[in-house]
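K.L.:
Residue-level listing of the chains:
Number of protein chains: 6
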Amino acid sequence: MKGPVTWAFTWVNLIANKPNNCPEVERLALMAKKYKVYLVMGVIEREGYTLYCTVLFFDSQGLFLGKHRKLMPTALERCIWGFGDGSTIPVFDTPIGKIGAAICWENRMPSLRTAMYAKGIEIYCAPTADSRETWLASMTHIALEGGCFVLSANQFCRRKDYPSPPEYMFSGSEESLTPDSVVCAGGSSIISPLGIVLAGPNYRGEALITADLDLGDIARAKFDFDVVGHYSRPEVFSLNIREHPRKAVSFKTSKVMEDESV
Amino acid sequence: MKGPVTWAFTWVNLIANKPNNCPEVERLALMAKKYKVYLVMGVIEREGYTLYCTVLFFDSQGLFLGKHRKLMPTALERCIWGFGDGSTIPVFDTPIGKIGAAICWENRMPSLRTAMYAKGIEIYCAPTADSRETWLASMTHIALEGGCFVLSANQFCRRKDYPSPPEYMFSGSEESLTPDSVVCAGGSSIISPLGIVLAGPNYRGEALITADLDLGDIARAKFDFDVVGHYSRPEVFSLNIREHPRKAVSFKTSKVMEDESV
Amino acid sequence: MKGPVTWAFTWVNLIANKPNNCPEVERLALMAKKYKVYLVMGVIEREGYTLYCTVLFFDSQGLFLGKHRKLMPTALERCIWGFGDGSTIPVFDTPIGKIGAAICWENRMPSLRTAMYAKGIEIYCAPTADSRETWLASMTHIALEGGCFVLSANQFCRRKDYPSPPEYMFSGSEESLTPDSVVCAGGSSIISPLGIVLAGPNYRGEALITADLDLGDIARAKFDFDVVGHYSRPEVFSLNIREHPRKAVSFKTSKVMEDESV
Amino acid sequence: MKGPVTWAFTWVNLIANKPNNCPEVERLALMAKKYKVYLVMGVIEREGYTLYCTVLFFDSQGLFLGKHRKLMPTALERCIWGFGDGSTIPVFDTPIGKIGAAICWENRMPSLRTAMYAKGIEIYCAPTADSRETWLASMTHIALEGGCFVLSANQFCRRKDYPSPPEYMFSGSEESLTPDSVVCAGGSSIISPLGIVLAGPNYRGEALITADLDLGDIARAKFDFDVVGHYSRPEVFSLNIREHPRKAVSFKTSKVMEDESV
Amino acid sequence: MKGPVTWAFTWVNLIANKPNNCPEVERLALMAKKYKVYLVMGVIEREGYTLYCTVLFFDSQGLFLGKHRKLMPTALERCIWGFGDGSTIPVFDTPIGKIGAAICWENRMPSLRTAMYAKGIEIYCAPTADSRETWLASMTHIALEGGCFVLSANQFCRRKDYPSPPEYMFSGSEESLTPDSVVCAGGSSIISPLGIVLAGPNYRGEALITADLDLGDIARAKFDFDVVGHYSRPEVFSLNIREHPRKAVSFKTSKVMEDESV
Amino acid sequence: MKGPVTWAFTWVNLIANKPNNCPEVERLALMAKKYKVYLVMGVIEREGYTLYCTVLFFDSQGLFLGKHRKLMPTALERCIWGFGDGSTIPVFDTPIGKIGAAICWENRMPSLRTAMYAKGIEIYCAPTADSRETWLASMTHIALEGGCFVLSANQFCRRKDYPSPPEYMFSGSEESLTPDSVVCAGGSSIISPLGIVLAGPNYRGEALITADLDLGDIARAKFDFDVVGHYSRPEVFSLNIREHPRKAVSFKTSKVMEDESV
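Note that the protein sequences, when read in sequence, are chains A, B, C, D, E and F. Per the working numbering, the very first residue in the first sequence carries number 1; after that it's consecutive. Per the working numbering, the very first residue in the second sequence carries number 1001; after that it's consecutive. Per the working numbering, the very first residue in the third sequence carries number 2001; after that it's consecutive. Per the working numbering, the very first residue in the fourth sequence carries number 3001; after that it's consecutive. Per the working numbering, the very first residue in the fifth sequence carries number 4001; after that it's consecutive. Per the working numbering, the very first residue in the sixth sequence carries number 5001; after that it's consecutive.
Just so you know, these hints were derived from the structure itself, not from any lab. Nothing here was measured: the structure is a model prediction, and the numbers come from that model. Every residue, glycine too, gets a C-beta built ideally from N, C-alpha and C. Don't take each hint at face value.
As the list claims (entries may be wrong) - To give an idea of the chain A side of the interface with chain C (calculated C-beta under 10 Å), a few residues:
| hint | residue |
| --- | --- |
| 1 | R69 |
| 2 | P73 |
| 3 | A75 |
| 4 | L76 |
| 5 | C79 |
| 6 | S111 |
| 7 | S171 |
| 8 | E174 |
| 9 | A248 |
Said to hold, decoys possible - Using 27 Å as the maximum straight-line C-alpha spacing, the simulated DSSO-like pairs for lysine-lysine come out as follows:
| hint | chain 1 | residue 1 | chain 2 | residue 2 |
| --- | --- | --- | --- | --- |
| 10 | B | K1247 | A | K252 |
| 11 | D | K3252 | F | K5098 |
| 12 | B | K1119 | B | K1036 |
| 13 | A | K98 | E | K4034 |
| 14 | F | K5033 | D | K3252 |
| 15 | D | K3098 | C | K2252 |
| 16 | D | K3160 | D | K3098 |
| 17 | C | K2252 | D | K3252 |
| 18 | B | K1119 | A | K247 |
| 19 | F | K5252 | F | K5160 |
| 20 | F | K5247 | F | K5119 |
| 21 | F | K5119 | F | K5098 |
| 22 | E | K4252 | A | K119 |
| 23 | E | K4033 | C | K2252 |
| 24 | F | K5252 | D | K3252 |
| 25 | E | K4119 | A | K98 |
| 26 | E | K4252 | C | K2247 |
| 27 | C | K2247 | D | K3098 |
| 28 | C | K2252 | A | K247 |
Take the sequences, apply the hints, and build the full model.
P.N.:
Here you go:
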């Protein structure tokens, strides 16, 4: 990656239909195109009557590359969101590097991360809603473990950024909140494969953080520790990943069903 | 579905040839057009020398949309009707919602219902000949299970609605019947995805029952239970549905038959 | 099933370790033995640090037969309970009939029910926390659909049966509750394969409901509708069920691993 | 773990023969017994003519519990040490909790950590030679990821703690070292499952760090994130671990060899 | 092998990507084609971020036949190179004989050699960096033990063939080296199955050594000693070789995973 | 091995009954005791009516340690000798080192050698009848491969050392032999684990060759290459060795034969 590369992403809530043919997605695509940036954006996706916590990927020409669905919602999220499967754990090979994403606490899933390491991820995006200091520790660890750049984006928002009560209530804490109370403190950061924090964390307000990424650092890091290469022990540990879509019901019109043998 | 929508259907016996180019079907189409209603109508269809128990679908402009053939006739019906296959389980995406139908006791088939749920059915039509109270329990369950509106139509008829003996005899019970004896007691009903009975059941005579359907109830219901979405367990249960037509004899001019391997 | 058979069950919350070698389970086993009843009991099971909503089965001699884990927790339950898999969907062949269980809203899962129908379930137990009238509709439908007896147990409890606030609070409704307010209204019931309610529903207090089950009703019901037999259409619908345990990590000590060839 | 528990460990170099019947091991056992501590100690083990980087475990009565061999030596270590296998990844169930260990950079191996999580590790010991700040980030992440206490021990040593040149030379840097130059800066730390640093890191000199561990924090942490329990997705990711010893040559005197089929 | 056959190989260092679609490999293929020789060439292969010490095989028409990866790097090599597995121990059946290769000190591994003997190797290639006289002893022994021709290639190079310091330093010995100092003394040789040195060793400079191989010598040698045939004792010694690729992570997209049953 | 150790052996023909209670063996034992040497002696052993080519081991106090039977006779030997099995591949742990032996061309068997390497052989004795130069190459290779001292003894004898014709005839060559013709040229040698020839080979006459063995050379050699330790790849290659005696007929008085399942 020669010369400085601009990279921008953020984390917004968006009610989206299927990514294809959806006005919200088209608007994001246009933004990516207009600003000539690769855009990795957290959205709420709807398929049928189930919502998913999803990340969308766009290239710098506004092309929609694909999506990742959060595999396992956390705590109360499980009342809101469905469960992704192995078919949306993409790592896209782009001119600026191999890009993928894991969402919030699924970054803690060692097998999910290993799947992305095995796909050669170089630019590991981690949209989150966790603004605690321990998040930075996890991001640093992932950069070291995976030998990749980690770009973690978190929203910064105050009480007043949400609708007023009773339309929107923060459970059990509404009385203690002023309009300027920080609800989520941000803390976006960019970390190199050697564990160096290149930008952020910023806990003070909305911000655009940037860093020039020297992809050569990946080789430098993996020289000593290549998590799925020379430092793995495949004869002791082997991780199997099932990537086919999981569907409750499959329709076939051809006479031979592929999954007849399942 | 903005504003009130009028919906009407009933259950008649009809000897039909192929739905296309068939005067009876044209007459039904004209009715739908005249009254500007979506018409979901049970008929007896003839193909070759076999009869099928079939539902026809027309839109409010009189367009014939398609048909569903009962997959499995019940009891003595098997002496009269043939068996449908997977090629006629349609769910039509119309301006008033996604419409499909299951006939009488095939409503008890969990896999058939699941097929229609997976196609996103919103207005589930259930023409029947079962006027027992347990039928309402099944309709309520289906509304809850599928997160859809259930519209069940049953005929109300007396002995005198049929030809006189000996032209038409009710087996073994003719002597106890008066002309006003109720032969089938009706009980049509409309039930919401939350299990609320919006109209019916009416067991007292011919009637037109109506309800305004708030399709938003579907999302409200599926928030907690989405049968083929977030509440399914596709990695444990996967239902495969073969939708190709089943023919006893196929003619091919190409050298390799597609279904050779079936 | 000649002569009257006493059947008793209820729905209690219980923190259980692994079913084997667990004092709570032993106590249940002793109860079954003492009262000479088959006991089908809802419990909260703990494995490692994850809880499961589980049903335990004991025979009338106090033998622990096995368990079923709820496959998909409902709504807020997903914050508390883990997810069962296909390995605990048992139907036990006992001298009083084939017994299995589905828990609360997983009774709405058509594929889970079909799995139990395919295993020949005769005495379908449905512990629940749903005391609405629509629950009885679902139970009736399941009896008809599956051609089996349905025994649904629900707890009856008042506010005073729980600890006082602030130790235990009912979310958002505490101020409107008196000690005698009914929190869960019960409604246990027993329904025959022909859809006849043999006992219950009782919404007025704690109660023991009983019925004599004539297993011949199963054959009578299936004569007209055998959901996985003569009324199924396996060439159109085929449901695949994966029953092996799902483990995040598997350890092997023998030299030949089955997946050595992967 | 009621009441305060003293826990001590350090990281020393030791030329050991087989752990059993080895005077160095006996001396360590006596220390554990004398001070009534569980002792988790890094040693250099010799088997035949190959050395291993190993951790030994002793209970507070001086009983040798077992050992863990480093699976993959790092960088130049590979010229000195052999490779462990899957047969020495123990987690010991002791009265003070379930104890295991990973050595230095093998702590970066996500599959090794997952193996120990699956064995229920509660007290995760991480002897290391890495005194960089990023090490603390990794330890914090592991505590959060595994929902366990992490106890990381690193040596503090100065140039003068080693023999003088030419007997012992630090490669390429000898001239810049004074006798007081810090060669390895320590940084031992104890971290809770919630990511709280309970003791350390201490980079200033030899020290004994202690903390009282409230094992209830493990359940509190795993309520939201149970890495091999409710937050795993075993139907997507399954990790297989081969635990049998790997031997280049096996001798059998019985007539039936177990591995005949390998 | 009728008539004289020209055979040429050497040992060079080459940074190669994957053998397929790699310009360096294509260049080697063109050389083999141009000179109509079978080419067995040591290279440095890169996969992901891990390097392997590899031998490539080309036939005399320039076809790339396959590769062998060094199974175990020696000493400091372990800091640079990853570890091969059982999936790249090929023996190619070509018109000039059965060809395979072992790299440098892995020639000392009796089990690796036995694997190649069992595959019927006739032309055993041994690229090396060992120019000591004892190397010739090992090569002679292998020819006798395996009943095969051994062709060992080693580079001849002087200090001046490498970049000048400080760009490239020979550890600890730079001051004693003149530009003409021999760094690696060559010693390539060709040995018959009867232990006769047919060509080489040449320790004086770059050279092309050749010999006509009479493959009949193999049969003559094995008449008295057939290492995996009449002189083996399989009821006492059985060597098991696992040839499947070892992967830290495996992805599956088809619905039926081979390890689904694990 | 501090200080010089005297070691002596030779190669004689001896018709022996069972080693125990056999005058020839007692004579050898007395020699070992008298001269205070460890004695490793080739003999011809008789059991029943079959002869074996055997090596006997005695310690320096005249204690008979055990024996090794040649596993596979070579060429015409097969007309004279039976076949050993896995029960006599001993390596004796003595105060002067771990001692074992392989006879003549069975030294070419890579699996037999590996068995002895795995038993930790340090002083590898190789009585032989092969006086060709290639024998020295094999001995050198074995020393390097096994990281052990190799002591190879061969007889030196002339025609006159054998009975005169017609009592004893050398097949097809008798006429060209004078009484002083060398029949077997000796060539005994002692080689270090680093491949250095410490004594011999002597092809000129009967001789006693000696060397002081610095067992520290073994560790020095195995630092870089430990054939069954850090340089093995047990997950790729595993050698199984069956050490139980093979008997054509076994008598058992217990009802279950242990080898029933073989």
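K.L.:
Now look at each hint and say whether the structure bears it out.
P.N.:
Cross-check of the supplied hints:
1. R69: Check failed: Cβ of R69 (chain A) comes no nearer than 17 Å to chain C, outside 10 Å.
2. P73: Constraint on P73 (chain A) satisfied, holds at 8 Å.
3. A75: With a minimum Cβ separation of about 5 Å from chain C (threshold 10 Å), the hint on A75 (chain A) holds.
4. L76: holds, 6 Å
5. C79: holds, 5 Å
6. S111: holds, 7 Å
7. S171: holds, 9 Å
8. E174: E174 (chain A) check fails; min Cβ-Cβ to chain C is 13 Å, beyond 10 Å.
9. A248: At 7 Å from the nearest chain C Cβ, A248 (chain A) passes the 10 Å test, so the hint holds.
10. B:K1247 x A:K252: Answer holds: K1247 (chain B) to K252 (chain A) is near 16 Å, not above 27 Å.
11. D:K3252 x F:K5098: holds, 20 Å
12. B:K1119 x B:K1036: Holds - the C-alpha atoms of K1036 (chain B) and K1119 (chain B) are around 25 Å apart, at most 27 Å.
13. A:K98 x E:K4034: violated, 39 Å
14. F:K5033 x D:K3252: Between K5033 (chain F) and K3252 (chain D) the Cα gap is close to 34 Å, so the pair fails against 27 Å, i.e. violated.
15. D:K3098 x C:K2252: At roughly 20 Å apart (the allowed maximum being 27 Å), K2252 (chain C) and K3098 (chain D) satisfy the hint.
16. D:K3160 x D:K3098: violated, 38 Å
17. C:K2252 x D:K3252: holds, 21 Å
18. B:K1119 x A:K247: Cα-Cα ~12 Å, so holds.
19. F:K5252 x F:K5160: The hint is violated at about 51 Å.
20. F:K5247 x F:K5119: holds, 24 Å
21. F:K5119 x F:K5098: The given pair, whose Cα atoms are some 9 Å apart, holds under the 27 Å limit.
22. E:K4252 x A:K119: Since the Cα atoms of K4252 (chain E) and K119 (chain A) sit roughly 13 Å apart, the hinted pair holds (cutoff 27 Å).
23. E:K4033 x C:K2252: violated, 49 Å
24. F:K5252 x D:K3252: With a Cα-Cα distance of about 21 Å, the restraint between K5252 (chain F) and K3252 (chain D) holds, given a limit of 27 Å.
25. E:K4119 x A:K98: violated, 41 Å
26. E:K4252 x C:K2247: Measuring from Cα to Cα gives roughly 17 Å; hence the hint holds.
27. C:K2247 x D:K3098: Given pair K2247 (chain C), K3098 (chain D) holds - Cα atoms ~20 Å apart, limit 27 Å.
28. C:K2252 x A:K247: violated, 31 Å
In this structure, the hints that do not hold are numbers 1, 8, 13, 14, 16, 19, 23, 25 and 28, in rising order.
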